[in-house]
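*Asks:* Chains as they are written, first to last, in this note's numbering: chain G, 1 to 495; chain X, 1 to 219.
These are calculated hints, taken from the structure and not from any lab test.
Certain hints may be false.
Rough simulated footprint, nothing fancy, chain G against chain X, three-plus residues with beta-carbon under 8 Å [to be verified]:
1. 45-56
2. 132-145
3. 176-185
4. 194-201
So the derived list for chain G, only partly shown, Cβ under 10 Å to chain X, looks like this [stated by the list, open to error]:
5. Phe-41
6. Leu-129
7. Ile-177
8. Ala-183
Covered by chain X, according to a simulated footprint, are these stretches of chain G (three or more residues, beta-carbon under 8 Å) [what the hints assert, rightly or not]:
9. 52-58
10. 154-160
11. 209-223
All of these numbers come straight from a predicted model, not from anything done at the bench.
C-beta atoms are modelled at their ideal positions from N, C-alpha and C, and glycine is treated no differently.
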Amino acid sequence: MNTLLLLAPIVVPAAASGAYLVLGWRRSTAHLGTASAALIFVVGVMLAVRTVRDGGFDALSGWLSGDPLAGFLLMVIGAVAVVACAASRGYLAGERADGHGDGPGERRYAVLVQAFLAAMACAVVAGNLGLIWVAIEATTTVTAFLVGHKRSRAAVEAAWKYVVICSVGIALALLGIVILYAAARHAGLSEASALDFDALAGHARRLDPAATRMAIALIVLGFGAKAGLAPLHSWLPDAHSQAPAPVSALMSGVLLSVSFSVILRTKQVADAALGAGFVRALLLIAALATLTVAALLLIGQRDFKRMLAYSSMEHMGLMALGAAAGTPLALSAVLLHIAGHGLGKAVAFCSSGQILHAEHTSRIEDVTGLAARAPVLAGTFGAAVLVLLGFPPFSLFASEVGIARAGFAAGLGWPTAAAFALMLVAFAAIGAHTLRMLAGPDPLHGSAPGSGAALRAQAPLISALLVVAVIGVAAWPLAHLLSAAAPVSIPWSTR
Amino acid sequence: MSGAASVQVLDFACGVFLLAGVGALWRRALSAVIGLLAVQGAALAVVAAALGADEHHPELYAVAAGVGVLRAGVLPGLARRALAASGEDRESEPLVNVASSLLVAAALVLLAYAVAQPLARLEGSQGSRALPVGLASVLIGLFMLVARRKALSQVAGFLLLDNGITAVAFLAAAGVPLLVEIGVSFDLLLVVLVLRVLTVRMQSAFGTTDLDDLRELHD
C-alpha cells in the first residue's frame, strides 16, 4: 500500500502520457489528462493523511520516500494540474481556430504535459538526492518542446535559453551533489544512504565542513536556477511568456516550488552540518536580488505574460526570505504561499492565454477596456491578479503576513523591510498595468468576436479562485498539515 | 593490472583529460572541438577503469564501458551530425580571442587547484590527487558557454562541463550509485538531443546558429 501510494503519482501520468501517444488528442481523450491530475491530488491527500498520522516511510529500498511535505506538494501539483489540464482543452481549441494547431502538435502537447507531471511527481516522492536531480533535469528536457511549441522565432529563442541556462544551473547542482556524496562517503555513510536527506541530516556533524559548504552553495545555486532565483533567473520571463498558457501555469505554479522544496530539504542538512547562518545568508542574497530584479523590470513592463513571469520571481524571492527566517511559522507560511501562489498563478496564466486568443496580442497597451468587452474573462483575470497582489480574503494575504512576522521575529528586520518595500513597488506596477488592461476606454465599443468566453471554460478557474479564498479565510483543512510538513531544521546548539 | 601500473594509467588518463579540455578552447574549427570532446570522453572511461583496477571494484569496468560508449561515441556523434546539418564549421568571432582564451584556461586550471584543496584533503585515495582536473574541465566548460557565440559551441561547453562533473564523481568517490549514474547519463543524452533539434529549428527560423542573432525577447 505504501509503495503504491508513492508509485501511483508517477505511474498514472506516465501511463496517461503513453495513452496520448497511442490515441492522440481528441474529444474522447481530452478528459484523460484532467483525470490523471485529479488522481495526483487524491494520492497527495492520502499520503498527507497517512504520514501526518503515522510518520514518514520509505519504499523501494529508500529510492522513494513519503512524508507530509511530499504529500502536501503532490496536492499542490494535482490541484494546479487539474486547472491547467482543464484549460488545455480551450487553449488547443483556440489554437486550432487561429489556424496554428494540428493533430501531431496537439498529440505532442498532451504527451509532454503528462510526462512533465510524472517527472515533477517523481521529484517530490524521490527519497534520494540523486534521483531528485534526475527528475528535475527531466522536467527541463520534457518542457523544452512545450516552451518551443509555437515554433516562432521567439519561441525557439526562449526554448534555447531555457534549456541551456537551466541545464547548466542544474549541472552545478549535480556537482554539489557529487561533492556532498563524497563528503558523506568519507564520513562513513553507505552508498545507499549517502544521498538520503534523513541519513545526511542525522550524520551531519561528521561531514567535512569545507567540502559541505562548497556542496551546499552549489546545490542552492543550481536548484535556485530552476526555482527562478537570481542570479540564474534570466530564462524565466522568456520561457514563461512563450510557453502555451496552461504550460506556463504548471511551470510557474508548481515547477518553481518543486525545485524550491529541494532547497528547503537541503537546508535541513546544511543547518545541521554548518549551523543556520550559511544557508540563511545565501537565501537572503538570492531573495533580495530576485525581488530587486523583479520589481525593477515590472515597472516598465509592456507584455502581460512577462508581467506574470516577473510576478513569479517576486513570489519566489519572498519564499526564499521566509526560508531564510527558517522558523516553524515562517516555513508553514512558505508552504501556504506555495499553495496560494500556485493556484493563483495558474488561473492568471490560463486566463492570460484566453485574453491572448481573444485579443491577438500580449501587449498591455493594446488591451484596454477588457472589462467592457469580455466581463467574465476580465473578472477572472482581475481576481487572479488580486490573489497575486495579496489581497484578503485570499490566502496569500495570510502567508505574506506570516512571512513578514517571522522575518522580524527571526532578527531579519532590515532584509524583511527591504523585501516588503520591493514588494510594494511590484504591487504598484502590477496593479497599474492590470488596471490599464481591464478599465480604460474600449476602442472596439462592445464585445469583440470570440471574446464572450463561455462561462463553462471559466468554471475551473473560478473554482480555483474560490479554493484560494477558502484556505485564506479558514485554514482548517491545512493548518495541521502545514505545521507537520514544514521542514524545520533541528537547532544546531541542541545537538 | 598491478597497483603501480593502474596509478600510472590513471595519471596519464587525467593528463589527457585536462589537455583535451584546454585544447577544445584552443581550436576554432568546431569539428576539431568535437574530436577533442570524444578524446576527453575516452580518457574519462580509462579513468573509471583504472580506478576499478586500483580499488578492486569490478562493477566500475561496466560503468567505464558505458561512459566510453556515451561520451566518446554517441554524444560526439550527435554533435557531429548536427554540425553536418548546419553546414557552418567555424566559430565566427569568439568574444575572447584564442590567445587570451588559453591564458584564461591556465588561470582556470590554477583556480581549480585552489578550489579543490578541501576536497583533495577529504580522501587519501589515488583519485583525489587528480581531482582538480575535473574541476578545471567544469570551469573551462563554463567559460566556453559564456565566451562562444555558436549554438554548437555552447553544446560543446555543456559537454565539457558535464565531463568534468563525472570526472569529479569518479575521482572523489569512485562514482555515484549506479542508478543515479544511469539517470544522469540518460538526462544528458536527452539534453543533447533536445539542443540538436532546437539548433535545426534555429537554423530554419533565423537562418543562422549565431546566438547573437537571438534578439526577439527582451524587456
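*Asks:* Look at each hint and say if it fits the structure.
*Replies:* Evaluated hints:
no.: 1; hint: 45-56; result: violated (count 0)
no.: 2; hint: 132-145; result: holds (count 3)
no.: 3; hint: 176-185; result: holds (count 6)
no.: 4; hint: 194-201; result: holds (count 5)
no.: 5; hint: Phe-41; result: violated (27 Å)
no.: 6; hint: Leu-129; result: holds (9 Å)
no.: 7; hint: Ile-177; result: holds (8 Å)
no.: 8; hint: Ala-183; result: holds (6 Å)
no.: 9; hint: 52-58; result: violated (count 0)
no.: 10; hint: 154-160; result: holds (count 6)
no.: 11; hint: 209-223; result: holds (count 3)
The structure shown violates the earlier hints numbered 1, 5 and 9.
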